[in-house]
Amino acid sequence: MSAPRRFAPIQRLLHWLMAACIIAMLFIGVGMVSTVAPTYLPLIMIHKTLGVTLLILVMIRLALRRHYGAPPLPADLPPTIKLGARLSHLFLYGCMIVMPLLGLGMLWAAAYPVVLYGGIQIPALLPQSDRVHTLLWNAHVYLGLAFFALVLLHVAAALFHALVRRDGVFGTIALFPLKSRTTAAE
Amino acid sequence: MNQSGNPSRSGSGSLVLIAAVLGGSAAAFAYTAGWLSPGRLTPEQMISALTPPSGAPFGHRRNHAKGICFTGVFEANGNGAELSSARVFERGTYAALGRFNLGTADPNAVDATVRVRGLGLQIAAADGEEWRMALINPPIFAVSTPQAFHDLLIASGKKDPEAMKMFIQANPEFTAFATWAKTAPWTTSYAEEPYHGLNSFIFTDAKGGEHAVRWSLLPTAKGTAVSQAELQSRGPDFLEQEITERVRIAGPQRWTMVTTVADPGDPTADPSKAWPEGRRTVQVGTLVVQRIEPEQDGPCRDINFDPTVLPRGIRLSDDPFPAARSSVYRKSYDLRAAEAGDYPRTGAAKP
Chain U
0 MSAPRRFAPI QRLLHWLMAA CIIAMLFIGV GMVSTVAPTY LPLIMIHKTL GVTLLILVMI
60 RLALRRHYGA PPLPADLPPT IKLGARLSHL FLYGCMIVMP LLGLGMLWAA AYPVVLYGGI
120 QIPALLPQSD RVHTLLWNAH VYLGLAFFAL VLLHVAAALF HALVRRDGVF GTIALFPLKS
180 RTTAAE
Chain Z
0 MNQSGNPSRS GSGSLVLIAA VLGGSAAAFA YTAGWLSPGR LTPEQMISAL TPPSGAPFGH
60 RRNHAKGICF TGVFEANGNG AELSSARVFE RGTYAALGRF NLGTADPNAV DATVRVRGLG
120 LQIAAADGEE WRMALINPPI FAVSTPQAFH DLLIASGKKD PEAMKMFIQA NPEFTAFATW
180 AKTAPWTTSY AEEPYHGLNS FIFTDAKGGE HAVRWSLLPT AKGTAVSQAE LQSRGPDFLE
240 QEITERVRIA GPQRWTMVTT VADPGDPTAD PSKAWPEGRR TVQVGTLVVQ RIEPEQDGPC
300 RDINFDPTVL PRGIRLSDDP FPAARSSVYR KSYDLRAAEA GDYPRTGAAK P
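So the sequences go chain by chain: U and Z.
Numbering that gives the first Met the number 0 applies: residue 0 is where the first sequence begins, and numbers increase by one.
Numbering that gives the first Met the number 0 applies: residue 0 is where the second sequence begins, and numbers increase by one.
Next up, chain U with everything else stripped away, as it sits in the complex (with noise of 0.2 Å):
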């Protein structure tokens, strides 16, 4: 099979709606730490609930990509951008799994029911433990923060596709085709 010319239109759709939701996952994360007020409760309620979901949409995510592949990169891209290209999605979806696990274990191990949205129980598969909650907590805070610095790099770095090198890139996962735009390999 001969690798697409864009990503198929249910990858296209996820990557917008996860991205949408990643997104809000880093502010919320980052917000509901720092204050007492009431919201505190509703934005820990939906930061544990999305969290779950999206655990469960990166692996839909990932069986998608391993069925209909991936567009090549343009084929006059320097080689280390490539690499770095390679890289930094490969440390994306590193995040998009290990971010959920790591916050779930860290809520086990500080033997706290994990309670999501409309009830639903999610049982404890680490017992309470001081290290292990302490080691999580801070790859999750921290792993975290490098999330938001490497979205900011994957929307520069996408912007800088469509905009500046105009080379089709964005095209291949924009959710709407794009008029004057050229395919990547060529």
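Please keep in mind that the hints were generated in silico from the structure rather than gathered at the bench.
All figures in this text were calculated on a predicted structure; none of them were measured in a lab.
If a hint is listed, it holds; no wrong ones were tucked in.
With a straight-line Cα cutoff of 20 Å, these simulated SDA-like cross-link-like pairs (lysine to any residue) come out: (1) Lys330/Z / Phe26/U; (2) Lys157/Z / Ser47/Z; (3) Lys330/Z / Pro37/U; (4) Lys330/Z / Thr38/U; (5) Lys330/Z / His46/U; (6) Lys206/Z / Gly117/U.
Based on these hints, arrange chain Z on the given structure of chain U.
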């Protein structure tokens, strides 16, 4: 490539746009995180206000730092079912775990010097749901809002006597608590204290009817009122020694859980305001404390008695305190878990 027009000019405009998007996003993120808002009341600020001049109690809770664990059961008599569909109100016996404690940031405080005594409690329902709470012995809370509590901590920490006067002027509700602190009898035992939830919650019954409630644990042990001076002649840890001996010799200690149902218009958002006398009360069950264990290796050490951990059938009201307590308790837990090495387990208590 189909670059059109002057690539360098459109390129530089685009670069400015990209920089603006990144800068704006980073600024919005920093604002959301509170990094640009020093005036926001954060859990860190609350904990810093709780920290005594002598320093933080590393490895311990940042408030109510001195305590002792208990285990036992909650015996529900079934009467609560008319108010709430929570499983723990169905007639039956549910595992309970808790902690008697003193309202101080000093884990080595002398028992006779601490006015507020508390009880943290976790009741487990069979279906994995938990109900956690932390109650104290005054019948009303000291202040109306979390911000006022922060201001109280700051004012009471100042040497300047004018600071407390100014605080009371701005927060006159504090007078009722101050009167309690001055006049309420002291007891010689954790077992003789009533413990009040103070915060208002909403119970939802099986038909969907909602009831604003507060609850208390009222002791069955008869109290002997003593003066604070008399307590000062006892050892620094007499409360912990007394409850350990009492449960060992006299057997389980009991508290009746009484829920008080608000009438329409009663203040649910302000725990410093008592509800008028004569409100309907329902006895929903009995807390039975069967075993006492030191905190250092005890089962309560690892539990954050976060009052927002609620079973289905109980939810939050417009009272702003449970959310604030949850936020600050979480931070306190994160800190003491990370500092566990400063309060090492002895490992001796494990059977």
